[in-house]
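Keeping their order, the protein sequence lines are chains V and Y.
Position 77 (the first sequence) corresponds to 77 in the numbering used here; numbering is contiguous.
Position 35 (the second sequence) corresponds to 35 in the numbering used here; numbering is contiguous.
The set of hints was computed from the structure by calculation and includes no laboratory data.
Values in this document were obtained by computation on a predicted structure and should not be read as measured data.
Be a bit skeptical, because a hint or two may be false.
Said to hold, decoys possible - For the chain V half of the interface with chain Y, some residues (derived, Cβ under 8 Å), not all of them:
{"no.": "1", "residue": "ARG27"}
{"no.": "2", "residue": "LEU30"}
{"no.": "3", "residue": "ALA31"}
{"no.": "4", "residue": "ILE70"}
{"no.": "5", "residue": "TRP103"}
{"no.": "6", "residue": "GLN120"}
{"no.": "7", "residue": "VAL174"}
{"no.": "8", "residue": "LEU178"}
As the list claims (entries may be wrong) - Listed below are the simulated DMTMM-like cross-link pairs for lysine to aspartate or glutamate, each with C-alpha atoms no more than 25 Å apart in a straight line:
{"no.": "9", "chain 1": "V", "residue 1": "LYS76", "chain 2": "V", "residue 2": "GLU8"}
{"no.": "10", "chain 1": "V", "residue 1": "LYS173", "chain 2": "Y", "residue 2": "GLU43"}
{"no.": "11", "chain 1": "V", "residue 1": "LYS76", "chain 2": "V", "residue 2": "ASP129"}
{"no.": "12", "chain 1": "V", "residue 1": "LYS49", "chain 2": "V", "residue 2": "GLU133"}
{"no.": "13", "chain 1": "Y", "residue 1": "LYS113", "chain 2": "Y", "residue 2": "GLU99"}
{"no.": "14", "chain 1": "V", "residue 1": "LYS49", "chain 2": "V", "residue 2": "GLU8"}
{"no.": "15", "chain 1": "V", "residue 1": "LYS173", "chain 2": "Y", "residue 2": "ASP39"}
{"no.": "16", "chain 1": "V", "residue 1": "LYS76", "chain 2": "Y", "residue 2": "GLU58"}
{"no.": "17", "chain 1": "V", "residue 1": "LYS49", "chain 2": "Y", "residue 2": "ASP39"}
{"no.": "18", "chain 1": "V", "residue 1": "LYS76", "chain 2": "V", "residue 2": "GLU112"}
{"no.": "19", "chain 1": "V", "residue 1": "LYS173", "chain 2": "V", "residue 2": "GLU102"}
C-beta atoms are modelled at their ideal positions from N, C-alpha and C, and glycine is treated no differently.
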Amino acid sequence: MTRVAAKEIAAQEFDAIVATHRPQIFRFLLASTRDVDLAETLTQECFLKAHRNWGRFRGESSAMTWLMRIAINLEKDHWRNRRMQFWRRTQTNAVDLDEASEWLPSGERSVEQQMLAREQVGRVWRVVDGLSERQRTVFLLRYVEEQELSEIAQATGLSEGTVKAHLSRAVGKVRAELRGKR
Amino acid sequence: MRTRNQFGTRLDGTGLDATGFDATGFDAGDGAGQDVVQDTVLEQALRNFKLSVRAWSEAAYSRPRAAQMTARHRSWRLAAGWAMACVLVAGTVTGGVFERAEQQRAVRAAAVKAQQAQQQLAAARQRQLQDQKLMTAVDTDISQEVPSAMEPLADLMQDGETQ
Numbered sequence: 001m002t003r004v005a006a007k008e009i010a011a012q013e014f015d016a017i018v019a020t021h022r023p024q025i026f027r028f029l030l031a032s033t034r035d036v037d038l039a040e041t042l043t044q045e046c047f048l049k050a051h052r053n054w055g056r057f058r059g060e061s062s063a064m065t066w067l068m069r070i071a072i073n074l075e076k077d078h079w080r081n082r083r084m085q086f087w088r089r090t091q092t093n094a095v096d097l098d099e100a101s102e103w104l105p106s107g108e109r110s111v112e113q114q115m116l117a118r119e120q121v122g123r124v125w126r127v128v129d130g131l132s133e134r135q136r137t138v139f140l141l142r143y144v145e146e147q148e149l150s151e152i153a154q155a156t157g158l159s160e161g162t163v164k165a166h167l168s169r170a171v172g173k174v175r176a177e178l179r180g181k182r
Numbered sequence: 001m002r003t004r005n006q007f008g009t010r011l012d013g014t015g016l017d018a019t020g021f022d023a024t025g026f027d028a029g030d031g032a033g034q035d036v037v038q039d040t041v042l043e044q045a046l047r048n049f050k051l052s053v054r055a056w057s058e059a060a061y062s063r064p065r066a067a068q069m070t071a072r073h074r075s076w077r078l079a080a081g082w083a084m085a086c087v088l089v090a091g092t093v094t095g096g097v098f099e100r101a102e103q104q105r106a107v108r109a110a111a112v113k114a115q116q117a118q119q120q121l122a123a124a125r126q127r128q129l130q131d132q133k134l135m136t137a138v139d140t141d142i143s144q145e146v147p148s149a150m151e152p153l154a155d156l157m158q159d160g161e162t163q
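Produce the entire structure from the sequences given, and follow the hints as far as they go.
Given below as structure tokens:
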């Protein structure tokens, strides 16, 4: 196989990876930041970084886990930089919790059910907003992306025990919020 | 029997951690009826949350991109950044120049003041010398002059001396 042909195959593989995982990476970043523009930018950066390092990807974890790890690191870097650039804090485009709770799939639900669902979503958002960065990441990977604990552990670089502990605390907070205001 | 909730988490009490929750935080203890209701509500809330995020994400992902607007927005930010940087640099330079000019002006004023003081001192010294000379002259004149009442006696003294 010529070198050009090998490059061509790698490019095709990467294209397939982008097509498959881009929406999921975007969704995770959107849920983490609540900012559509920022989520798009970070998703672009994530795939740019992945493309640059595609040759070094050995397949020890799944491509999704690898991409998620890049996305998590980019998000961390972003918030770290933002803390340094304190004057840019006011320029965030993040939507507020009420607006984020407005989104519900248009299923066959009654108005009452939709209102209840919206209220529940709002409460979960409130809890997510108050979680630490790490807890939020673990929580979103588990309950939005439906990842396994081992995958979350790989993506975050934490042990499975730590992931369990973070999830336990986060769910405890959601439970308390739902119990307290019902 | 092993059961799984819709997140694929076991709810049969296996895999409990030290806090009494299973891996996801669902109560898996002695199965009090209230907890079952709680877990149902919790499950429902988490499912709604997931569906909500997914609906939002899908809508945001498939929306038309406003690349030009973003670029303009960014270029506006960049321009504002540069303008602010220019103002800062100009301010710093102007401040430096002003301070330097101010220092020079102060040095010049101090030099003029010192010169004036020296001149005043020299003038005072001159005046003192003149006064001293005048006083000496006055003293000399006074010592040579004789009061009018003593003049006949002085004449006699002068005659005696000539004789």
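Against the structure, the hints:
no.	hint	result
1	ARG27	4 Å, holds
2	LEU30	5 Å, holds
3	ALA31	5 Å, holds
4	ILE70	18 Å, violated
5	TRP103	4 Å, holds
6	GLN120	4 Å, holds
7	VAL174	7 Å, holds
8	LEU178	6 Å, holds
9	V:LYS76 <-> V:GLU8	33 Å, violated
10	V:LYS173 <-> Y:GLU43	14 Å, holds
11	V:LYS76 <-> V:ASP129	16 Å, holds
12	V:LYS49 <-> V:GLU133	22 Å, holds
13	Y:LYS113 <-> Y:GLU99	21 Å, holds
14	V:LYS49 <-> V:GLU8	19 Å, holds
15	V:LYS173 <-> Y:ASP39	13 Å, holds
16	V:LYS76 <-> Y:GLU58	24 Å, holds
17	V:LYS49 <-> Y:ASP39	40 Å, violated
18	V:LYS76 <-> V:GLU112	39 Å, violated
19	V:LYS173 <-> V:GLU102	22 Å, holds
Hint check: violations occur at hints 4, 9, 17 and 18; the rest are consistent with the structure.
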